[in-house]
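Participant: Residues per chain, in single letters:
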Amino acid sequence: MCRVLIVDDEESVRAAIERRLKRDGLNVHAAAGESDAIEKIMGAEKPYDVVMTDMVMENPDSGLNVLKAAMEADIFTEVIILTAYGNIANAVESMKRGAFDYVEKNIPGIDVYDLMSIKIAQAIERRQSSMITVRRIDQFARTHEEG
Amino acid sequence: MKSYQNTLSQPELCLIRQISALASAASSLDELLQAILDKVIVSVDANRGFVALVDFDRGELLIKCSAGEGWDAEKMHQRLQLHASEQKGITTFVAATGKPHCTGDVSKDPYYIKYFDDVASELAVPIVDAYGRTRGVINVESPKKNAFLEHHEALLLALANIASLGFSIDDHRSRERAFVEIGTELAASPDIPVLLSRVIRVAAEVLRFEDCSVFLLDKDRHTLVLEASSSPLKDEVGDASYRLGEGLTGWIAEHGQPIRTTDPRNDPRWRGLYREVPTDDMAAYLGVPIESRDGIIGVLRVLRRKTRFPWFQHSFTTEDESVLASIASQVGSMVQNLRLMDRVVGAERMAAWGEMSARSAHMMGNRIFAIKGDLNELDYQLLQPEDNREDYRGLVESVRGGVSRLEEMLQEFRDFVLATQLSLLEQDTNQMVKESVKEFFPKRSKVRLEAIYTTELPKVQADSGKLKRCFAELIENAVSFQLDGGLLRVSTGLAAAKEAQELCGLSPKRKYIKIEFSDAGPGVPDDDKEKIFNPFFTSRAKGMGLGLSIVKGIIEAHRGRICEAGTLGMGARFIIFLPATGL
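These protein sequence lines are chains Y and C, in that order. FYI, the numbering for the first sequence is 1 to 147, going by our numbering. FYI, the numbering for the second sequence is 1 to 583, going by our numbering.
The set of hints was computed from the structure by calculation and includes no laboratory data. On a predicted model such as this, the values are computed, not experimentally measured, just so you know. Do not rely on the hints blindly, as some may be mistaken.
Listed below are several chain Y residues computed to face chain C (Cβ distance under 10 Å; list not exhaustive) [claimed, not checked]:
1) C2
2) K46
3) V56
4) N59
5) Y85
6) A89
7) V92
8) M131
Glycine included, each C-beta is placed from N, C-alpha and C at the ideal position.
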């Protein structure tokens, strides 16, 4: 089962996302803010497959700090950033730093929860394909050594 | 003028020297005039005398000092009435001509009006100032015929000259006092309307410029609008206006030059749109430009009314003009300072607005996001074959909670926006505080309430609804931080000038009402004492954390201040200062 970490400082938001993602059969964990998230990422026995984090929490760029921690723990952990609707500057910055994608929280007329569900599925797919690629490279290297 | 030495006796010369010395030593003009009169009736062997002064505003002669037999308060008053109505009498004649008048047999004198039965001789000399205006008349009487001789008249004239010097000194003292008062008033004025009304009050009371008005140019610099007046024009403040260049007042603003005239109606620039006094009563006009670093910003003008006395000199002097110009220049720089302050405050508020909008959008966006999550779940649940009614209820409750949080935020937002829009009325501080405590202090609470109301406080100009909102916030704060019991102490009183200055930097020249809410809760750390009033600084879950920033906004819109002056661990102590009215 894929491990997903949800990071948001609003309890009701965490609960709603958790509930939605559990419906997709994911193993969902939650953190209540930047520092809680970094602690959980660093302390996890097995890295999270996907981290979905709000951008503005304790700091205006809390999301970027969570992204950095996640990638330090496992370069192949996919990170999705939640941003306020219309805050493209923030989204672009997070993409530059290696986020998988971003989701705007309040898009008028769109059910963002379904959108999140799709993005997470895509992120998991990319992580899995990255893992396969790594495994193949490993295999190839080993075959050559043996040869 | 005749040489005194030839006509005056040695004792008379001695008296002149004595009075000269007093002219500079006397603490007031009244003291000098009384001394002259007392000495002179002895010296000229008169049985009675008085000094009448010209009241320039009413154009009347008022008896200022009296000496000798037969005077009482009623007589002094009657004498004044007589002069005002009959337009004759020796004193009035002397005031009108500026020449002395001596009669040895009043029964044959055409100007004499009988007032005391025993008068046979009368001698009156004018007190003429440096501008040639009669300021008063010294009058002596005797029951003997031909009692006053040429040397008596010479003595009185000499003493009248010294009295004239006394007038100059007195004028300078009033001007000095006016400038000091205006300087003080200016420094203590919180806004432009208050500033202008105070300047006009001082101009009227100290400088005797009774019909005084201030016009300021509007933002486009095309129109002069009446901002304050001590005349009946005050009912038209905000309405009466001249275009730049229109009328005498508009001309002054356009050219930056003063106008001083005794015949404003025949001036080609005259329009007479707004008059402090009816046109027919207008005798003299003096207007000066009000300048600031940015150029002309308005006009300060004074008018003098005609009197019933044709001889009366109405004209304003060059000295009047320079005094008015000095006042105008002080007003100019103060108005500019106040406007600058308003701009700075406006800019700060705009910056706060940007921050405020971003933060509220974020907080509200989050709430809505959570509500959409609940709706997504509800949608999903409704598609399931089994009926999960319990789940529906939970989701509906969650949506309701979210909507209610949103409404709280909107309410706070509205309060924040409207904090500075007040409808002010004269209010009783104690009553507002009492009503707030009654309404918002919980009926059953572990917190003990102590209230100390100082009676007979001056009133405040306040929006009672908004102030009660502030008091409610402070009461609710105190209660919410002492859920396990504690104390709320509410008190009102007159603020000590030193405390208001030290805590909130308020001018010690103004009177403030102090309202205090202190509790026995955890208190506020020193580092947070100012931050607690910032928007979004909160340690409570309710709303957006605008509570104390709204309180601060409302208090400051009342031109008051609020601060927290408690000690950490000893409880919070919120102190509000509100400016008292009429002081």
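Participant: With reference to the structure, classify each hint as holding or not holding.
Facilitator: Hints, one by one, checked against the model:
no., hint, verdict
1, C2, "violated, 20 Å"
2, K46, "violated, 27 Å"
3, V56, "holds, 6 Å"
4, N59, "violated, 13 Å"
5, Y85, "holds, 6 Å"
6, A89, "violated, 13 Å"
7, V92, "violated, 18 Å"
8, M131, "violated, 30 Å"
When the structure is compared with the earlier hints, violations turn up for hints 1, 2, 4, 6, 7 and 8 and for no others.
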